[in-house]
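A.B. asks: Dock the two chains into a complex; use the hints.
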Amino acid sequence: MTAANQTRRLAEGGLVDRTRPLAFTFNGRVLCGYKGDTLASALMANGVDVVARSFKYHRPRGIMTDGPEEPNAVVTVGEGSSRTPNLKATEVVLHDGLVARSQNCWPSVDHDVGAVTGLAAPLLGAGFYYKTFMAPRGAWPRLYERLLRHAAGLGRAPKGHDPDSYEHRHSHCDVLIVGAGPAGLAAARLLIQAGLRLILCDERSRPGGSLNGTMQGIDGESGSAWAQRVAEEIAASPDVSVLLDTSAVWLGDHRLVTLVERRRGAGGVAERLWLVRPRHVVLATGAIERPLCFPGNDRPGIMLASAAAAYIHRYGVAPGKRAVIHTNNDSGYGVLRHLCQAGIDVKTIIDTRPRDAIGEAALDMIRDVDVLAGHRIVATAGRHRLRRINACAADGSRRSIDADLMCVAGGWSPTLHLLGHRGGTLRHDEDNAACGDDVAVAGAAAGVSGLAECLADGARAAGTVLQALGRDIPEFRAPEVDAETETLSGSPNGPSCSTLDVRQQRAAFVDLQNDVTALDLMRAIDEGYGAIEHLKRYTTSGMGTDQGKLGNVMTIDIVAEATGQPVEEVGHTTFRPPYTPVTLGALVGHARDEHLFPTRQTPFHHRHLAAGALMELSGPWHYPKCYPRDGETVDGAIEREVRTVRNAVGFVDMSTLGKFEIMGSDAGIFLERAYASRVENLALGRCRYALMLREDGVVLDDGTVARMAADRWHVTASTAHADEVWRHLERLRQVEWPELDVLLVDVGEQWAGLALAGPHARDVLADVAPELDVSPEALPFLGFRETRFDGARARVFRISYSGELAYEIYVGARHGDRLWNAVMAAGTPFGIAPYGVEALDVMRIEKGHCAGSEFDGRTTPAELGLGRMTRRDTPFLGHALGRQRSIHQRLVGLVSTDRRTPIPRGAILVAGTARSRSLGHVTASVVSPTLGQPVALAMLQGSFCPDDGELRAVSPVAVLDVAVEITGLPFYDADGGRMRA
Amino acid sequence: MLIIPCPWCGDRDESEFSYGGAARPLPSLDADAEAWRHALYSHDNPKGWREELWFHEFGCRKWVVVRRHTVSQEIVDSRQPENPS
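Chain order of the listed sequences is A and B. Counting from 1057, one number per residue, gives the positions in the first sequence under the working numbering. Counting from 11, one number per residue, gives the positions in the second sequence under the working numbering.
These aren't lab readings, by the way, just hints derived from the structure by calculation. As the structure is a computational prediction, the values presented were derived from the model and not from experiment. Fair warning: there could be bad hints in the mix.
To be verified - Cross-link-like lysine to any residue pairs, in silico, SDA-like; alpha carbons within 20 Å at most:
1. B/K72 with A/D1779
2. A/K1681 with A/D1691
3. A/K1215 with A/G1645
4. A/K1091 with A/N1061
5. B/K57 with A/D1309
6. A/K1403 with A/I1422
7. B/K57 with A/R1478
8. A/K1377 with A/R1441
9. B/K72 with A/M1719
10. B/K57 with A/H1477
11. B/K72 with A/P1794
Next comes chain B alone, as it looks inside the complex (with noise of 0.2 Å):
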């Protein structure tokens, strides 16, 4: 069970959130089937750091990003989203 820390509350346990995936922005609602396929399907699986996003549902209600280490489950940081543009 990971402990996350959230940019607003603080550190809390896992329990609290629910997993988003890993945090890459969507292509723009014009773009290509093809570019849309890309991001939901090819993705990478870093052994290593990844940034991912959480969201603290029973907490303050925001989604998160947080840099996650998939081998040791090191947390380092996390931040708000920011605009993908």
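Same shape as in the complex, but just chain A (with noise of 0.2 Å):
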């Protein structure tokens, strides 16, 4: 490992810190590059050609771009459960230590044996996966999806946790640029002269965007070096973020800028996400050079021509030792120079467009140059690396050139993914109008061409920006360009895809990525898939994960080439975000494990901690399951909580219901709209069980309604729903009836609850509440009272849901720990017990109770056999679109027929046999404690008749099939005579 080994590194020259050694692996051997490096570029340096195989065929390929737009060279960098699979070599910041390797191949990136996939290509064109696996069905999932899934992969996900850290952070400023290349740094300077508030943002390490690989001269220094100073007196500015390694990503409704900082070997966080609120958006995001389409274009050694410049002026790398650039527009003639400089030999030029078609300034630059006008590439040879290109004049005559390195230049396409995340579809001469008066587009971006122009373009969009916030537009000193440096620039004059031949058409690929060639694309058209979008999901042309950056053009100037229309009719396809792929980690920030997403605790949290809770989560709650004791199963302490209510006291945390006070001199008539069940009548201190439907007359939550006053009222919600039905009542009180006086207060924190089960429960009350009369007389069932707990008020409710004889007792929230202590207490005689969430299920099923499984959002009162809940006179929200639903499905309960064996939970009913249709689901299934045996609730279709043979509740997911009995409800104490007590 040292620097020597870096064959193909210049001698002098690129920005890279030849001080400040770096090394890093790559498939397992050690190399070194410098700071400064993108993986991509030190892998050139250490003659590394064959980086990745296809994703399809296996073909090697290599390096081809200097930015996100990479097609080919995609790797998996870091270990065990930091691995990041799919990231672009050209986007990885080279640190020490590094560690990268090649995916899609097997056993090594230089010899795959998946590459005799290559040999089966005929078989593999558009929509393979559809044609060729029709038949037979069930090797589907067995056979095909294995094997596909094998020989096709994108890398893998790391399993482990993943030990880096990312985060995320919201900024707001006056203006966001992106891209900090010529025409971002003068629209940046012009903004700070107006002392605006600025975020600038690129994606590269280096500021200077095209300048660090053209080295055109400005105000007597190099470009980069121009840049470098601009940028950094501009981050000194006041109130200004400069931020590299920072790729824009999103710009989503009202201007909220999506932006992804990589910081992978900075240390401390390894990528941040910035969400950022500007008042305005400067895009100064440059243009990407497209590739040509020819028969073996994806061979190693050929890449774009932009790139192989910057390769050796940024980094210091030669790409090749003998190279011919291909192109059809002037800018081709531009990287003569550049690959001069490096000392690569140029023999040859092939251009598509005859003589007469090139410009004067192109043919000036020329020297010792062969131009081959009018010549397209027939094919190209080399193993792992190009080694002899064939190319074939206009009359059929044949020249062979050899050459490792081939610069491809096609032209320059505007990068304008962002706006296109704004919607609508752009065209060809997009003027900057059609942006919004918030988003401006500056230089190459806006399709302006010329580093004099991009400047005085970057100017010009900092003025709209500055006009729009009434500012004055403060005067603009154009930098001065040297006119030696100058590149050159040209928009297409030739054809892109020559007309090949079927043969030429299958080598000649148009994304690279996913191995769609020219000929996929003729196919597909021929089958009728002409369509741009169509075209893209079938051929899965631009669906890597680099979004067709290069091939898409390609894609339209073949379409349009096929079918004869223009470009502009063709269209492109929608430009989705992110603009380059982020990881999970970025997105997901700190949000994960306990932070995944808020929580809450009741009162008595930690006191169900100290009796040795189970504790799971139910929604945001922190809710005890069950309170194992020392050698009890879980199955054993819900079994004996259970049996404890049913044959002494027990006690369960009420504290997550939803509470609502209501009052004001309407309420009751509010509530009485609002439930389908009579409320208005209810007496003072009387308490009352209430369903509420919605609109539609599905129900929507039930809980309880209590009469504190002639005005005032208490209602609960259920857990689960207890947020939905404040938004329904406040919606209800503020936006459908605001005529009504009333008022709603959300109390639902500010008291701790626990409910009293069992048949001692009155005597546990007596003693907790020595100032209540606990009388079955003075507090029958369904009566209410308010009182008081060693000196805090208190309400009590008695109400059952287990089916005991039961009281709900709310304290102050702050009281709930001496609550708990007094319960318990009191209790103990009787050999109290907090009960969980598992044993409350269980006692609900057993009286055949419906909770949130039967109010899943498609039943309504009558379904439920809670018809006799619903008023018939007056008319209530839900009524009248209620009253007209049939009934499709009742509540029924089941036990299996042998008594034995378990309900599977879930599980579809059936007549007859497992594969009959569905009659109906089971909704809740327990062993029976207190019975003995299995019972469940389940919804059954109206047209199960016994006649259609035996019902069996089967789990296609368990694979269990039970055959079951139906029963009548509730399972337990049918008169309700305890509870009654």
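C.D. replies: Listed below in structure tokens is the structure:
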């Protein structure tokens, strides 16, 4: 591992820091690069030609670009759990100790067994998944899918816990400038003079954009030095952030721009996601050079002309020894000078245009170079790297040229992906007016060519922003561009994909990452997939991790040529965010593990923990599942808790219920409209179980309504629906019936509640609330009293969910601990024990009470057997449509026929054989400790009649099939004598 | 992500709000099923401006009426819900 192994590193030049060597490994080989390298440039410097294998045919692929448009050099970086697959080597900033591997090859990238699929290429054309693997159908999951997934891999996701940390940062500014190239820097300079708050971001580690690859001089210094100096000047201004290695990946609604800052190797967070809300956006995103479509255009050694120049000047790496330039426009001639400066031998330029179409300036640049005008490439050769090129003239005469580097220059496409995120279609001649008045496009992204012109255009864009903000526009002092070093610009005026025969089409790649060839496109068009969006989906062209940044333009050209439509009519596929792939880590940020989403604790949380509760998350709530004692299983604990309640007394945390106070002179009318049950006639000191329906007559929630005073009510909502019920009630109050004098207060967090349940509940309550007359006469079933607990206000409801004699006691949330202690102390003589959500569920199933799994947003009161709880005389919300609903299903109780086999949860009900039509589903199932047998609740279709055959509960997931019988509900204490005791 | 102007709190992020659909008053409770069916299921799907309800759940907990352009996502103003009658 020494710098000497960098065989392709030029003796001098480049913007890398040669005093800072960095060691890294690629496919297990230890290599060396410099600070300032990307993984791609370091690999190139070390003479690595084949970086990856292609997706479908496993063809050897090298580095083609110097940016996010890279289709080929896709690698996995990192090891173990911090491994990140599918990174473009051109985007990975080299750091010391970096570990990278090729993907999609076995046993190695140089000797890949999968390459034999290339021999089967005729079978693997467009839509081959659909056509080839049609039958037999059963073979899909077992055979085809495994085969395909093994053969066509895009890296493997790491399995363990990602050890890296990520963060999100929110920011605001006056103007966000995307791109620190000439146009972006010029715009930033002007905006700073006006004193605006600015964020300037660039996806590369160095400001300057194209200046770093072209070495054009500005103001008497090199372009990259100028850019560096100006960026430092900008960064030193007040209220300005310059973010490098930061890609703008999404321009969202109302100018929410998402940036991803890559900091891996820099210490601290690995990646930072910025959510920036600027008042204005300037897109100075530059342009991406277009490739050309010809047979064998995917061989390592074939790269974009601009990329070749960038490797020479930015990284001091010679991308080859003997080069050929292939172009369809004048800009290709500009790269000649760069190649010569690096000592690369250029003998030939293959231009698709006839000689008279070539510009004078371009021809002036050539010395001792053979220009093959009007030629196209018919084949390339070379196993792991380009070796020879065969070109053909219009008259059929052929030339063979030896070369290990081909610089392809197909013209430039403005990088307008971010603008595309706003929707709509970009047109060839898109003018700035169409971007909206909060986004300005500047420089090459706006179709401007030439350095001086791009600088001026940046200033112009800044001017439009200042104008929109009503600020004065400072005078723009145009930097002086060194005319000697000016590059050639040129729009393509020759064909980008020459007419090819079928054999040539097969080897002419359009989407290099997904191995889509010109032939695939032609076949798909023949099969009727000529519309650009259809073509994309059928052929997968443009669906790789590069999102077709290179291939899409070729695709459009080929469709235009094949269908005879103008390019504008072919259009383009939708640009969707992100602009370049974003890791899940960056998107997730801190929101993982216990920070995945905000969770809630009840006032009794620490008492649950101290009592040995097994806690689980129920929605946002930390809630006890059960309280296993030493040596007790979970099932054993649940069973014991149920028996304790049924035989003695237990208590359960009720604090998670939604609790609302409803007051005002019209509160009764409001509730009467909102609930389907009769509530207005409720006497003081009484409560009632009530149903609330949606507008369409389906049950929204159930709860209790208690009357505290003539104009004051306390209502509860189930834990799961508390927020929804609150939104619903507030909407009714604020939007639908604002004329009612009513006020809602959410008191859910004010009260800590425990339900006491069991034959001894009254004894415990009498001890806990000595001021309260707990006799059945004074506090009957469905009674409500306000009392005092240890000096604090308390509310007691005689409500039963378990089916036993039960009371709910509520005290102020801060008195929760004392209430728990008092209940425990009073209950100990009776063997009291807390119970969790599982025992609660067991007992409600035994009692046949409906809960969330029955109130599933599809069931009506009549179907749930709750029809008697809805009023018939006066209208309520959900009344008009609810009464028109037919009864499709009904709630039934089930027991297994053998009285032993548990009924699978979520099972489908069928009559006769397991393959029959579904007749409903099991909503809740449990082995009842009280009854000593499995019982279940189910929604059964009204069309079922016992003559259809034996009813079976079938679970394809658990592979269970249980014969069941329908029984009446409830399973336990049918006359309700226990809860009324 | 939209910025929604709340008449009570000013410009706030969309993440503070819950969406409530098109702002159109419900029929009266004694209206017939046809009126309710029409109100619930026969919705316009305008390409352009429309008024819709948003609940400022993680803010002032008020329902507000917002005028939003369904294509450009522009929001021009917002107001308190009025009495529908």
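A.B. asks: So, for every hint listed, does it hold in this structure?
C.D. replies: Here's how the hints hold up against the structure:
1. B/K72 with A/D1779: 14 Å, holds
2. A/K1681 with A/D1691: Distance of about 11 Å is within 20 Å: holds.
3. A/K1215 with A/G1645: The hint holds at about 18 Å.
4. A/K1091 with A/N1061: Judged against 20 Å, a Cα distance of about 16 Å means the pair holds.
5. B/K57 with A/D1309: Roughly 17 Å between the alpha carbons, so the hint for B/K57 and A/D1309 holds.
6. A/K1403 with A/I1422: 10 Å, holds
7. B/K57 with A/R1478: 16 Å, holds
8. A/K1377 with A/R1441: Given pair A/K1377, A/R1441 holds - Cα atoms ~12 Å apart, limit 20 Å.
9. B/K72 with A/M1719: 18 Å, holds
10. B/K57 with A/H1477: 18 Å, holds
11. B/K72 with A/P1794: Given that 20 Å is the threshold and the Cα spacing comes to 12 Å, the pair holds.
Figure legend: structure checked against the earlier numbered hints; every hint is met.
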